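Those sequence lines, one after another, are chains A and B. First residue of the first sequence? That's 403 in this note's numbering, and the numbers climb one at a time after it. First residue of the second sequence? That's 145 in this note's numbering, and the numbers climb one at a time after it.
Hints are computed from structural coordinates only; laboratory data are not their basis. One or more hints might be untrue.
Unchecked claim - Derived Cβ-Cβ restraints for the label pairs, each shown as a range: (1) B/308 <-> A/526: 45 to 51 Å; (2) A/619 <-> B/285: 45 to 51 Å; (3) B/243 <-> A/536: 33 to 39 Å.
What the hints assert, rightly or not - Calculated from the model, a selection of chain B residues having no Cβ within reach of chain A, i.e. all distances over 12 Å: (4) 161; (5) 169; (6) 174; (7) 179; (8) 242; (9) 246; (10) 280; (11) 308; (12) 339.
In this text the structure is predicted, and so the values were computed from the model without any measurement. Ideal Cβ placement from N, Cα and C applies to all residues, glycine included.
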Amino acid sequence: MIPEEPKKPRRRRKPKPLPGPLEQPVAPAPAWLREAARAPATLEEASFVAGTALAALDQMVRRRQIWAGLWRQRLALAAAASTVRRMGRIENEEALRDALHLTRAGDSRGPAGEVLIAWRTIVRQPPGDCLTSDAIAAMFDRLGRRSRGAAETLAGKLDEQASRAAAISAVLDSFELALEHGSAPEAAPLISDLMLARAFGWERAVPLIAQEVARGGFSRPVAGEPEAVRTERRIKLLGAYARSALRAIDLSVELGRKAERLLEAAPQLRAKASGAVVEKLLTEDSLTASTHITGITRWGMHRIFERLISFGVLRELTGRSTFRIYGV
Amino acid sequence: MAAGGTRAKGRNTPLFDPELEHLPPEARWREWMNRVEAVIFAASQPVSRTDLARVVGRNCNIDLLIEDIREELRGRPYDLVKVAGGYQHRTRPAYADAIRTVSGAAERAVDLSQSEALVLMTIAYFQPITRSELSTFFGREISRDLIASLRNFGFIGFGPRSPKPGAPYTYVTTKAFLSHFGLETLRDLPDYEALEDAGLRSKDRALAGDLMQLKVEDEGGE
Chain A
403 MIPEEPKKPR
413 RRRKPKPLPG
423 PLEQPVAPAP
433 AWLREAARAP
443 ATLEEASFVA
453 GTALAALDQM
463 VRRRQIWAGL
473 WRQRLALAAA
483 ASTVRRMGRI
493 ENEEALRDAL
503 HLTRAGDSRG
513 PAGEVLIAWR
523 TIVRQPPGDC
533 LTSDAIAAMF
543 DRLGRRSRGA
553 AETLAGKLDE
563 QASRAAAISA
573 VLDSFELALE
583 HGSAPEAAPL
593 ISDLMLARAF
603 GWERAVPLIA
613 QEVARGGFSR
623 PVAGEPEAVR
633 TERRIKLLGA
643 YARSALRAID
653 LSVELGRKAE
663 RLLEAAPQLR
673 AKASGAVVEK
683 LLTEDSLTAS
693 THITGITRWG
703 MHRIFERLIS
713 FGVLRELTGR
723 STFRIYGV
Chain B
145 MAAGGTRAKG
155 RNTPLFDPEL
165 EHLPPEARWR
175 EWMNRVEAVI
185 FAASQPVSRT
195 DLARVVGRNC
205 NIDLLIEDIR
215 EELRGRPYDL
225 VKVAGGYQHR
235 TRPAYADAIR
245 TVSGAAERAV
255 DLSQSEALVL
265 MTIAYFQPIT
275 RSELSTFFGR
285 EISRDLIASL
295 RNFGFIGFGP
305 RSPKPGAPYT
315 YVTTKAFLSH
325 FGLETLRDLP
335 DYEALEDAGL
345 RSKDRALAGD
355 LMQLKVEDEG
365 GE
């Protein structure tokens, strides 16, 4: 008998190179800042706290982590959920995700789903593009208010005021302007987040204050009120920005850790397009198996998701056994 | 298709002059008012501001223009109103009887039966909602035919599919619904806020009574 040749080790197909090296994880915000941001009493204190928190956030945004897409989308989802609640609807984050993933092309996403789309639009396009009168009109449309005139007026006012006032005042005033001219008080957080992103030169907006202004008398413009009331509103807005910046940083710490674990586990995936799937998981809030990714079928996606879940780096977000939605 | 049509129109009428600079200001304003009113009069659908802006000068304030037109229409039996994102001529409600007397047949086209109207309103308040949820709501089967007739009127459309066995479609109201009932937004629905305050905006909570009964029956069966 011919001695068997030693079997050549089967060459494994190399996984697609993963996107970029991991950068330093984000440092969590200091405890004193968290304490101070809880309820700043004076304008000086509020400005200082907001400035510090936003500077920390700015640093984080500028690192352009590869999971920034995921982070923005999670913030957008939370913001959309609080906007929807403020509009008097009852959909929560899960329902919004369902509306996004279970609507077929050409069908309506329903009133709540459209709100989520409005938020997702502002984190996908450069802030400048989202502040044109057409884009604002589209945003109003998604928020269920159709008034072309108000959008035009608002866009004009915003431009005029951005050229006149300093960046931070412009952001705070834009909130008021949106309440005054928008005919859609729900649009105010979107507008002022966009203005902030434009002022800071971020390439995409970060949904921040919607959750903070969902309650507590932020629905009425105060331009006609006495000085004290207006100052009070500014203090509240600055405080809201400080707290929401800290919340965004906290979320980035958490997501950074999860993304790191996902990237560590990813080389064990052997499917051809797994690099693309992992990349997509880091740029999207959630995926379903039927999310279209070139080079992989939905069954392949299922297998990748199942494997990542068995590694403990991915979650099934709905708790259902069908219509499953996966996310980091 | 529509875009192609617009482009073709633009090519065939290169001489259309929206600015009207040769006219004195008053005459120009008058002409713009006439144009806007003519466009709205001729259209079968509400006309959006973007479309109106194409027939008037660049620095013309459409709001003021519309206001002037409405001022002129004050004594007339019809008015220019804003519905579902556009402007449309509507007869004043006081003349509804007169119109119905003459054109009763035409009016029937969107005459909803009582149950259709009820289902439509339930969808408006609790959208997105599936047919089986509607059936639970009413305590009787809501037929596919009823849903289909609402869809034929253009008042409802398909929403996201419900994550339940069979992935049934949910139904949502359309812009045509808002337009037909003269609403600007869904929040203009009567007693929307009252319903909200009563905690009845939740589909699940509104359904809870019936669902609990079902559960009890199930347990009894076992």
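Hint check results:
no.: 1; hint: B/308 <-> A/526: 45 to 51 Å; in the structure: 30 Å, violated
no.: 2; hint: A/619 <-> B/285: 45 to 51 Å; in the structure: 46 Å, holds
no.: 3; hint: B/243 <-> A/536: 33 to 39 Å; in the structure: 38 Å, holds
no.: 4; hint: 161; in the structure: 23 Å, holds
no.: 5; hint: 169; in the structure: 22 Å, holds
no.: 6; hint: 174; in the structure: 22 Å, holds
no.: 7; hint: 179; in the structure: 18 Å, holds
no.: 8; hint: 242; in the structure: 31 Å, holds
no.: 9; hint: 246; in the structure: 32 Å, holds
no.: 10; hint: 280; in the structure: 17 Å, holds
no.: 11; hint: 308; in the structure: 8 Å, violated
no.: 12; hint: 339; in the structure: 9 Å, violated
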